[in-house]
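Q: Protein chains in written order, with our numbering: chain B, 1 to 229; chain A, 230 to 458; chain R, 459 to 687; chain G, 688 to 916; chain V, 917 to 1145; chain L, 1146 to 1374.
Honestly, the hints are just simulated from the structure, not real lab data. Warning: the hint list may mix true and false statements.
Said to hold, decoys possible - Here are the simulated lysine to aspartate or glutamate pairs, EDC-like style, with alpha carbons at most 20 Å apart:
| hint | chain 1 | residue 1 | chain 2 | residue 2 |
| --- | --- | --- | --- | --- |
| 1 | V | Lys-1092 | L | Glu-1221 |
| 2 | B | Lys-140 | R | Glu-534 |
| 3 | R | Lys-598 | A | Glu-370 |
| 4 | R | Lys-676 | B | Glu-141 |
| 5 | R | Lys-676 | R | Asp-665 |
The structure displayed is predicted, hence computed values, not measured ones.
Protein chains: 6
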Amino acid sequence: MAVCVQNIRRTDKALAEAFAHYGVATVHEAQGRSGLLAPSITPIYPGAHIAGTAITVSVPPGDNWMIHVAVEQCREGDILVVAPTSACDAGYFGDLLANSLMARGVRGLVIDAGVRDLRDLTGMGFPVWSKCVSAVGTVKETLGDVNLPLVCAGQLVNPGDVIVADDDGVVVVPRKSAMTVLEAAKAREDREATIRTRYQAGELGLDMNDMRPRLAEKGLNYVDQDAED
Amino acid sequence: MAVCVQNIRRTDKALAEAFAHYGVATVHEAQGRSGLLAPSITPIYPGAHIAGTAITVSVPPGDNWMIHVAVEQCREGDILVVAPTSACDAGYFGDLLANSLMARGVRGLVIDAGVRDLRDLTGMGFPVWSKCVSAVGTVKETLGDVNLPLVCAGQLVNPGDVIVADDDGVVVVPRKSAMTVLEAAKAREDREATIRTRYQAGELGLDMNDMRPRLAEKGLNYVDQDAED
Amino acid sequence: MAVCVQNIRRTDKALAEAFAHYGVATVHEAQGRSGLLAPSITPIYPGAHIAGTAITVSVPPGDNWMIHVAVEQCREGDILVVAPTSACDAGYFGDLLANSLMARGVRGLVIDAGVRDLRDLTGMGFPVWSKCVSAVGTVKETLGDVNLPLVCAGQLVNPGDVIVADDDGVVVVPRKSAMTVLEAAKAREDREATIRTRYQAGELGLDMNDMRPRLAEKGLNYVDQDAED
Amino acid sequence: MAVCVQNIRRTDKALAEAFAHYGVATVHEAQGRSGLLAPSITPIYPGAHIAGTAITVSVPPGDNWMIHVAVEQCREGDILVVAPTSACDAGYFGDLLANSLMARGVRGLVIDAGVRDLRDLTGMGFPVWSKCVSAVGTVKETLGDVNLPLVCAGQLVNPGDVIVADDDGVVVVPRKSAMTVLEAAKAREDREATIRTRYQAGELGLDMNDMRPRLAEKGLNYVDQDAED
Amino acid sequence: MAVCVQNIRRTDKALAEAFAHYGVATVHEAQGRSGLLAPSITPIYPGAHIAGTAITVSVPPGDNWMIHVAVEQCREGDILVVAPTSACDAGYFGDLLANSLMARGVRGLVIDAGVRDLRDLTGMGFPVWSKCVSAVGTVKETLGDVNLPLVCAGQLVNPGDVIVADDDGVVVVPRKSAMTVLEAAKAREDREATIRTRYQAGELGLDMNDMRPRLAEKGLNYVDQDAED
Amino acid sequence: MAVCVQNIRRTDKALAEAFAHYGVATVHEAQGRSGLLAPSITPIYPGAHIAGTAITVSVPPGDNWMIHVAVEQCREGDILVVAPTSACDAGYFGDLLANSLMARGVRGLVIDAGVRDLRDLTGMGFPVWSKCVSAVGTVKETLGDVNLPLVCAGQLVNPGDVIVADDDGVVVVPRKSAMTVLEAAKAREDREATIRTRYQAGELGLDMNDMRPRLAEKGLNYVDQDAED
């Protein structure tokens, strides 16, 4: 009953890639604080920031066979999203598969399990967000599914959804709401640019947001330290 | 009953900053192995080393409003120390607030909760020691306290105390004992410089510290491997 | 009853060092997926890759005295392997001992406990794989053993065994099987070099390994997304 | 945009309750090793074993308002399944709400967050599977959703699905496959009853399953200990 | 510079013991959601519920000497509160010391470290809230402090404060506010008794608290499942 | 190259079983604070206390085939000790295998992995010390070894060694030192019985062990609380 779904409906490539201008925190806020993968998923090296369309792979514990099946389904601009059917810390992925994915234009990997060959992956500049690092290899014995909806690190990911990943984590944006969320992210980013400039000039958030009356109303007392005792 | 204490008594600025010459491990030893925050607090990027005076902020879970109140209380040479009243992994702090703090000369942030915008914070060179990284934002609804004594990562921190932070962690030095601890740190560092030179020249700790008689007395046996079986 | 075994039988130095050409994941596979230390042991900075012969040190909780005894037993090409007799997160090792070990040509440290002085160790280029970072120091009161077999992070290590460590973790290769494992690692690496080139040229694992018939036989169905619902 | 879905399609009540005759491990096997919630979800007291239909509740961090909304949607034979939109360890649920749910015939609670009033819940015999125990209360400020599909502890749960929970954990069975899975569980249980009797009589799995030839073929060697060295 | 403070000011014994009528969750709410120790502190057996006055003990890692000093300071109605100066999981406490404390009328132990002899402690009915269980013993070499303020599991505890502990955790109530908090706990408990009765009778929280208008105002939509797609 | 060693040399049955009179903490102390398995290994139900001779089983991750091979090697008084070759949380063992082991007189199971069917195991009174509970089953595809030395939860266990397990954990006693350790345990227990009686009578450890002079010499100061400020 294992399935590999082909010719999936992806978010428009340019639309998906436009998310790479916005941080994960911004995108998460822009879609109403939803879609963030669990913080147990962290980047293997700092500084990477990618956006692309999800190819989803459901793998048995300790078996990476279906990743080979998934590679063929990938094209320029995709991001591979892998989750085991039950928790497993083995190293499902290393530099060989990374070479194969890079040859197809894949932007990176998100995996709720382990990876290995960290130094090679870092040297190649192939970004990975994973649950752990493990030199323990996997076998190729049992089938799983490619491009079915799957739960990865606590979030439902559908094939073709937008994935955005940076040092803060990974967020998934459903294909249908991608345009709306992108606009909200842009609007948020514009607002923040203004705030940033004013903060750099020494202005206070207390004043910029007119917080003082509300703080007083809630009952905040300003006292000098001498009066404290 | 929320309070913001103003005009706190700080450790002398030059005295506090002098601690930046000494590592956290050295300062911790120099004050009798006390004051170390829990090792769950780690730096967001390697290599930072700061010392300054504590501004303390007690925040509700998932609410960073009081950080805005605290910013106004900060001045050149301060370090913001934030702890939630109950454990919370949300991202209380990002690049916007960092810009605001840098504009006031704040040296860095220590927070027993999450931060976000890691790439921006790293790019700006604003050092943070945090419990975790999280893109999950916070709200601004509930009051907390600024510059009251607070427990952060298992240590009591009073406003105006010295905070020292490096790759090994974070240590707090009470304001009243700062001078004494600084001198002890310096003495320790001087001793270690001598030891370092002798170690580099190949001398053994066994000989430098005359450990052999005491090892023998405690019953250490030297045997050859052949005699082992 | 504490013992320091001298003049241990080491793996041949050139043989041991030849392992530094192969990653930990490769060596682990090459010896039949055995010998990997627990993934709780991680490098203090990225990019180091060492191989050498084990000097084993069993230490009491919170006591690093025996590390001083062990230093004298080290020579060019050794790697110090330290494990406490019961779990302890204290910082047993810092830059002073690292200077002493470097003066003797030791390649690095593997320790199932804490280390400190991270910035100094990184600056010196002395690589350490540890369970944690801790500024908490240790005492010198109680004996342990040097160069007896010991369990470190779940693996039995005999003095003179080969230790290989990189960003993926740490693996131990028994002295007697070192030559065989090295050859297997070389053979594996050669095979992987060919695969890497073919992957980079866009060839698929599915075709290179003739996986399609076996996938079909196991029952994998390729469907188009429209047919999915 | 918060929603409470009413009049959901539930699995037939008798069908759902029939699952209470089978352990979670059996049901998990019977549906092809799928549907198991993460092992971080554990029972607050040993020995409970329930099955029923899911009412799903998505709650904001630290806010249990929607549980009150969900209570009204519950009826005899339901099980409440609660997950926060981002990780939260607060105590969302205590003895008061348990009284309210019991009055409506609810069988128990599964929550990927904290609970409190453990002694009362145990005394009442209201079973809970939770991520943690926490005396930290919640507020009632923000909306969430009732009876939308939700991810709880890594598994997708649809309202009306069957939930089975015992000391081994929690498993979800989709409404549409409930009958098939129940039959598979019964068949498995029948087979196991026979095996159990034969094991109790001293028969060996090696013989019952005719494992010896296959073990020999794979290369298992039987040796006496004297021959071992 | 180690100190044992004698003749401490305790909360009135009857007042402290009156807290044993109220659960930790109730007391925590009653004092404005403060004073709760970290949830890492759990009871060694279920069902215990105690309240008493704190005797505080600060111990070095792996050293329980000061507990012997503290025993002499204990009297009827006290609770021993122990925290190591740096994190340590050793078993500081077992059945012998429990016998000594019971002979003095001590109600129980709260310790941010390990205990052992679980079966004996359970058999004696001496309740302990600890961070972990460990058969690893401790030594008696180094001094600590008795009855100075200390941080235990993230909360500041002063000698003589009220400690309340049950299956939900441990809360500390400062001596000076004990009477006020007790009254607030009683008021809260009375309110909850009424709510409990009404819930048992099938009344809904939605109606009892008149939540429907506010839910509507916030935008909650009730829809039937058929309308959902 | 997989091996099943038969006719192992066991510790004398009566000698091994005599350890069941002594707690794990006592035995651990009696053999010089060594041999304790990691505290991650905990009992599935409280109150069990067993001692017996080890049958060791090394299993591949997610594969319990070798446990069937091991059952045949077991006899009255044995304890099964199982460790995976790399970390795995699957449920390797359930009530069926427990029936098979009980039929052969096996005392219990120690496993550095998961178990399932907790309620059945508890009902049968078959004690298990495991790393976790998991309903995830295993396969029977790959060989491992029976009765070779293995590392289980950080300790080296040889077949035929004595295993002692209670609520405090698990300790291994090498076959050759079993008699000596048993005598030391008995002596320790006798000493503790006397101490217990004196403690129950109200005598203080301070006096019984004549600690006061040494405390004074180390510098402990007794002060009254009024003098403290």
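Q: The structure should be examined with respect to each hint, and the outcome stated for every one.
A: Here's how the hints hold up against the structure:
1. With a CA separation close to 62 Å, the supplied pair Lys-1092 of chain V and Glu-1221 of chain L exceeds the 20 Å bound.
2. For a cut-off of 20 Å, the pair hint linking Lys-140 of chain B to Glu-534 of chain R is broken: about 42 Å separates their Cα positions.
3. For the hint pairing Lys-598 of chain R with Glu-370 of chain A, the CA-to-CA distance comes to about 52 Å; that exceeds 20 Å, so the pair is violated.
4. Our distance criterion of 20 Å between C-alpha atoms is met by Lys-676 of chain R and Glu-141 of chain B, whose separation comes to about 9 Å.
5. The suggested pairing of Lys-676 of chain R with Asp-665 of chain R holds, with an alpha-carbon distance near 17 Å, which does not exceed 20 Å.
Checked against the numbered hints given earlier, the structure breaks hints 1, 2, 3 and satisfies all the rest.
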